[in-house]
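Asker: Take a look at the letters that make up each chain.
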Amino acid sequence: MSAGPRRHLLSTADLSAEDAMLILDTAAEFARLADRPIKKLPTLRGRTVVNLFYEDSTRTRISFETAAKRLSADVINFSAKGSSVSKGESLKDTALTLEAMGADAVVVRHWASGGAHRLAHAGWIRSAVVNAGDGTHEHPTQALLDAYTLRARLGGLEGRRVTVVGDVLHSRVARSNVRLLATLGAEVTLVAPPTLMPFGVEGWPCSSSYALDPVLPKSDAVMMLRVQRERMDQAFFPTEREYSRRYGMHADRMAQLPEHAVVMHPGPMNRGLEISAEVADSARSTVTEQVANGVSVRMAVLYLLLGGSEPAIGTEDEGERR
Amino acid sequence: MTNWTIKGASPLGGPARDLYVREGRIAEAPAPDATVIDAAGLIALPGLVDLHTHLREPGREDAETVLSGSRAAAAGGFTAVHAMANTDPVADTAGVVEQVWRLGREAGYCDVQPVGAVTVGIAGERLAELGAMAESAARVRIFSDDGHCVSDAALMRRALEYVKAFGGVVAQHAQEPRLTEGAQMNEGELSDVLGLRGWPAVAEEAIIARDVLLAAHTGSRLHVCHLSTAGSVEIVRWAKSKGYPVTAEVTPHHLLLTEDLVRGYDPVYKVNPPLRSKDDVEAVRAGLADGAIDVVATDHAPHPVEAKDCEWAVAAMGMLGLETALSVVQQTMVATGLLDWAGVADRMSVRAARIGQLEEHGRPLEVGEPANLTLLDPAAARVIEPASLHSRSRNTPFAGLELPGAVHATLLRGTATVLDGKVVDR
Ligand SMILES: [Zn+2]
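Protein chains in written order, with full-length UniProt numbering: chain A, 1 to 322; chain B, 1 to 426.
A few of these clues could be false.
Residues from chain A that face chain B, not an exhaustive set, calculated with beta carbons under 10 Å [said to hold, decoys possible]:
1) 54
2) 110
3) 114
4) 115
5) 118
6) 119
7) 121
8) 134
9) 135
10) 136
11) 137
12) 172
13) 200
14) 202
Beyond 10 Å from chain B on every Cβ pair, some chain A residues (computed) [claimed, not checked]:
15) 43
16) 46
17) 48
18) 154
19) 182
20) 193
21) 230
If you're looking for bench data, these hints aren't it; they were derived computationally from the structure.
Every residue, glycine too, gets a C-beta built ideally from N, C-alpha and C.
Please take these sequences and the hints and turn them into a complete structure.
Answerer: And the structure:
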């Protein structure tokens, strides 16, 4: 690795507007490449990117893998079994192994909030760390690809009104999006039942509402979050039917949106619960674009962390706080 | 046995005078063969008493043993510690409490007073043989399922009633289990920012509120372990105003540290109950100052390196406390003017000994009393180095912090366990 401070992408809170715009602009350049017959660039030849996944997420892993391969990096997929219940090899020992293997970047998906932060800052490895989702904390590349998609569809982000609907409390996608979109000048409104609204949401850079319908006519985009059915058993909401009726996106609600507004979903979707098939398959839906944009954005992130020149993305190593 | 002349110490921070120790007791006049300790500038306190210590033996000798933990206690100025029951096997029988008690006597660094479990295996289902533990050689008086809450109200009621037969106390780890499933840190704005499941104040306060009412109803002694929130202080203050038989403790870490430390996801700051807000810290300091909170208890909780060298969610909860407690109290309570040294003696020795019913501890520094005492150099300052601690574990949240005060000597019934700031090998 080149000398200088280690760089990571752990949280969208660490990105300035300039950092984020650089990633989006770089992603746009890579997106043009996707239309060419030969999609590969030699940029990261000889570099090793490890996909370290403590949680199954085929779509995120494939997206990162495709991104790294298009930049000619060597990719190692390391799926680490083990959870809070059944402990496998410790994160530390896995990190030491990756360090010994000479990983230049580690893309980590972890079920524990702070997993990526710990990997980046505990002193176990020197690689760049990309957070591919940590517990209920953050999923920064998802937010970046959402911002990319919004910018492409709405022609910009400044002043655009984005409504995020669903299980905000447990959603890393929502956390990363709120921070990034606020940084980029969008106005975010969170919509959720009170049980699924974060405890201290008043302090977040957004507004919030328990009701969806009044917000719809004022939305340029609505982002539907995946709702896990197990939340029902924990009394976060009474039944799927009631959730769907109060917070689901279906044709009637879609009709209340302005003409130009789009409906987003990070996937995988629960059709019939938070989004109806009619909406998911409509022209307003950006679901498949989001997938395609994901590859370009992740190429940009890997490129800027490993090969790209100034300016940096992510934060410099802040070390352990006391 | 060595006799001592302690020259020029300030008992409880008062005017300097000489203290004489003969045959393990404070004496009127010096023994002819007395060894002199130059104590000019040192504060003399009754030997500190900890109501809440995890010594980990039997079962987790990789984290701590009775020997290593009682050396750490002596280094911190303690002459007595209460060994919590959540060992493996659990201290829920006369056999186990007597084993721990005997190990403490053999080690000889401080009096190790076992705490007995309230329920068999601290499983919260059936009462353990509390009477057998009370009548054992270990003479158990405090019973606690610490680490777990006796959450079943009926069982808690019976435990409170039952211990009246032998003057026992039930020490409750107040944590409503359903409100804290998977809880990782204080619930508030920060827990949601960090994506860590919240441990709400109400989960502590609801149990304390219930328990003080049960204590009143049964007329039995309740002790509240490690209370950590402003609301808990209010409830205990109210219960005391009603004359309910309730006492409470606060830990050094809840007097000094706040939840902001969790931001870096370093599990050395993971503890149960969790670090709270600045307002809570202010409230527990005020409660300790006005006596709503009776004592400082360390909740010394040693863990091996691997239990903290991992993801936050996987890490064990708990912090070391014995060797830093007095310094933290000096910083948070004395330097701030909230307590004088007599107050420190009261909260770290006198009241703790009274709650634990240890007759030889927490006594005045007067002629005829057992020579359990601690000499503190209040002018010293030290940077906490984990590697220099006497505990077998290293999980101190104070690493790298400069804290005031250093224990110069500790005497246990006249025997020096610490001299010149060093633990005396026995
Ligand atoms: Zn406890």
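Asker: Checking hints one by one. Is residue 114(A) an interface residue toward chain B, by the C-beta closer than 10 Å rule?
Answerer: Holds. Min distance 3 Å.
Asker: Taking the least C-beta to C-beta distance, is residue 118(A) closer than 10 Å to chain B?
Answerer: It holds, given that the least Cβ distance between residue 118(A) and chain B is near 5 Å, below 10 Å.
Asker: Could you check that no beta carbon of chain B comes within 10 Å of the beta carbon of residue 46(A)?
Answerer: holds, 31 Å
Asker: How about residue 115(A): closest beta carbon in chain B under 10 Å, or not?
Answerer: holds, 5 Å
Asker: Would you settle whether the hint for residue 136(A) is holds or violated, based on the nearest Cβ-Cβ distance to chain B being less than 10 Å?
Answerer: Holds, because the Cβ-Cβ distance from residue 136(A) to chain B comes to roughly 4 Å (cut-off 10 Å).
Asker: Does the claim that residue 193(A) lies off the interface hold, with its Cβ farther than 10 Å from every Cβ of chain B?
Answerer: holds, 16 Å
Asker: Tell me if the interface restraint on residue 119(A) is satisfied: Cβ within less than 10 Å of some Cβ in chain B.
Answerer: Residue 119(A) check passes; min Cβ-Cβ to chain B is 9 Å, inside 10 Å.
Asker: Is the interface hint satisfied for residue 137(A)? The criterion is a beta-carbon contact with chain B at less than 10 Å.
Answerer: Hint on residue 137(A): holds, closest Cβ of chain B at ~3 Å, below 10 Å.
Asker: Would the hint on residue 135(A) stand, with a C-beta cut-off of 10 Å toward chain B?
Answerer: holds, 5 Å
Asker: Holds or violated: is there a CB of chain B closer than 10 Å to the CB of residue 54(A)?
Answerer: holds, 9 Å
Asker: Does residue 202(A) hold up as a contact with chain B if the rule is Cβ-Cβ below 10 Å?
Answerer: This hint holds: residue 202(A) lies near chain B, its Cβ roughly 8 Å from the closest one there, short of 10 Å.
Asker: Please confirm whether residue 182(A) is truly not at the interface, meaning its C-beta sits more than 10 Å away from all C-beta atoms of chain B.
Answerer: At roughly 13 Å from the nearest Cβ of chain B, residue 182(A) sits farther out than 10 Å, so the non-interface label holds.
The structure meets every hint from the earlier list without exception.
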